[in-house]
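Based on these hints, arrange chain D on the given structure of chain F.
Below, each chain spelled out in residue letters.
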Amino acid sequence: MKTKIFLTTYISAILLLLLFSCEKDNFSAPESMLSGKITYNDESIGVRSNALQLELWQHGYQNFTKIPVHIDQDGTFSAMLFDGNYKLVRMNGAPWENNTDSIDVVVKGNTVVDVPVVPYFTISNAAYSRNAKQITATFTVNRVSNQRELRAVRLFLGRTIITDNGYNIASAEKPASEVTLGTTVTLTVTIPDSHTEKFLYARIGVETEGIGQLLYSPSEKIQLD
Amino acid sequence: MKKDIQYYSIIALLSVILVSCHGDWLDRNPKTIIMEEQVWNDPKQIVGLLANFYNRLPVFTGLEGNWRDMTMFDDAMWSGYSGEEWRNQMSSYGNNLGEIWDYGLVRDINLSLEGIDEYSTALNESEKNLYKAELRFIRAYYYFEMVRRMGGIPLITEQLVYDFSGDPTYLQHPRATEAAVYEFIANEMDEIKDQLGNEGSTTRANEFIALALKSRAMLYAASLAKYNNLMAVPVTTPGGEVGIPASKIEEYYRASLDASLEIINSGKYSLYRGNPHLGENYYEIFDKKTGNNEVIWVKDYKAPDKRHWFSYDNIARGLREDNLASSCVTPSLNLVESYPYLDGTAGTLKNRTSDNSDYIYYDDLSDIYANKDWRLYGTVLFSGASFKGLSAGIQAGVKVWNGTSYNTIEGEDIGTMYTDGGVLVGNSGPHRSMQEVSNTGFYLRKLIQSGAGTSTRGILSDNWWIHFRLAEIYLNAAEAMMELGLPDAVRYVNELRERAGHPANSLSDLNLDILMNERRIELAFEDHRYFDLKRWRKAHTVWNGDANNPNTMIYALYPYRVVGGPNDGKYVFDKMIAPRFRNPRYFQLANYYTFIPQHARDNNPKIVPNPFQ
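Just so you know, the sequences run in chain order F and D.
Here the first sequence stands for residues 0 to 224, where the numbers follow numbering that gives the first Met the number 0.
Here the second sequence stands for residues 0 to 612, where the numbers follow numbering that gives the first Met the number 0.
Chain F extracted, bound-state conformation (with noise of 0.2 Å):
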């Protein structure tokens, strides 16, 4: 009888137990969405997707450690988070200035933060055009910033909106020493044999001196009939 007791009082007490536990460990996830876009003169800057990272910290917890925030082949990034204050921080390796300022960041629901930087070079009235098989980029490239030389320019030709200098069907080049700023540049490339849809898509990208990450246009989709 004795021992019924105690066992019950025993059970019922670990049981009780357990359920203040599922309380106490049960966070709910994070509900509110931080968005934005990189940005040079409120324009997007386009990057090589899943290559690029922004940093988020945020102070007064134990444990500190960043959270990676990818930016997207657009420019534009976002993450789930829980409300409360963030510093952002852009990284470097980058295809524009390094800039080690962090920007507060407050989250409270759905926030939109929009990062602005300097790009080293900026891709303007790129057009392009086919000619059978044949597709020519024209563009012109300038300079932003006096920090870094150019390395070359490239046109990308993808089966899908995400190209650049990782996914491509095909590519040409042109080295800095053939390229004038400020002035039309011209690039031509041929389309693969083995490319059988019925579209494209094409991509200029600006390589910087010392820098692996390309800058590159939007990619723009065109039609082959």
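Rather than coming from a laboratory, the hints here were simulated on the basis of the structure.
Incorrect hints may have been included.
[As the list claims (entries may be wrong)] Listed below are the simulated BS3-like cross-link pairs for lysine-lysine, each with C-alpha atoms no more than 27 Å apart in a straight line:
hint, chain 1, residue 1, chain 2, residue 2
1, F, Lys65, D, Lys605
2, F, Lys173, D, Lys537
3, F, Lys65, F, Lys86
4, D, Lys537, F, Lys86
These figures come from a predicted structure and were not determined experimentally.
Leaving out everything else, chain D in the frame of chain F:
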């Protein structure tokens, strides 16, 4: 009266307690803790401690722990458990690739050095010097492992003691420059090499092991000084924590060459030539421990006490002796084709006629590899080859002649028969999607132990992991001589090629491209390619993330048996991108130096970040 007795007894008791306090009854050595005086006066305990430190030295891949990272580059891909498929799908390398930051080991070594000085009374001077030299070797090797991954790091050479003043800044040491760390390693080796005994040992540091470390470290430093500064924009930090000035190039190459030549000219080591079969001979360097005079320093294993699982995880599927695992690290066609033909031509395998109109038909599964450099045989288990006396059984399917072309038929499972009674899929695949079956058509031979049952969980393997061997020293010497413009640099490379079946003096001249390839094939899966491509600043162009670049994708070779038609019963081969391999290898400039871990930067604000961090 009664009270008196009480008083007396209390006084008596107190005096007993007081007396015992005078003796050492309470002052006893603890039974569960070994005291400093005991350790540092007992050679057996010191050697035990040294064994612990040697065992804690990191290797990038090795035979335990991180060997899975052999599949991170272009020599091999992951064909094992599908839960690790990210290795075939990652879009770029993580910023923490190869991260180490174990100052616990450094502290233990520094404590030991000070302990010997402070407590050792029973040891004579030469014993003390030997142990201290050995400890300094281990510390220098650890700093070498750190600097080649992280760049310059704080050089801590004494124990750091906190004084509880509330201000820890005096314990915060900044990073030394990259050049200073390499020079520290070279200086330490110069100072200790004459104090190190252990003559003839391959596991404990001796003079030649110290020289081998100097040879490699100075070669790394010299090539960093040269090739980093050849980049349009060198990878550096303002304080020199990353980036070695170009003025050091010649001095470092010279130091490396001197160390290499001292080893070579000592006559203590010779290339292994124990087996007349040149392929088996190369394989035995890693499998045979007796009569092997080529190895300089190894991490050894010995059954039954210290064994590893490498063979269990990586043996060919059709040859596995256990009922689980196998086939994790599978070499790529990229690596197989980098082995040249013995007539000196490039190693591209000939599976199609030169005008690409038809297959080339082979009588036997292994004929396509005829006349290749024998190191291929010793490294890779390819179709038609055998291991442990058994045929690997590598065949992907059949090609059935329908009068005008071939229908390709592959099986759902391995070890299956076609309707004509012949083999459809071999016991080892390859298979396009099955886990633990090669996805490339190749398996590892090198580093898989040959003994019976060594791939079972009950027996496991005890073949060794080689840190340094003479062949690397030959290549180090050749590279330093080439870079210094000295004549006859090619001699050492030719000797290695001759051992692999090439005629004498097969190369007349040496350049960096040839040397890169020789190092890739001679030292495959020995922790070299990743670090070599980093120090030559080639990694970001070789693995540039462009899916059209053949170096970034892993290629496979699938063998098929021809059924029907004029070539019935012969074998043909298809080259393709390995079906499980998805994303090109993408090594970014930021990957040249692993990011400093955040906890280190939090604790020590003097630690500056790496470039691009």
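Hint-by-hint comparison with the structure:
1. F:Lys65 with D:Lys605: With Cα atoms ~19 Å apart, lysine 65 (chain F) and lysine 605 (chain D) stay inside 27 Å; holds.
2. F:Lys173 with D:Lys537: OK: lysine 173 (chain F) and lysine 537 (chain D) at ~22 Å, within 27 Å.
3. F:Lys65 with F:Lys86: 10 Å, holds
4. D:Lys537 with F:Lys86: 35 Å, violated
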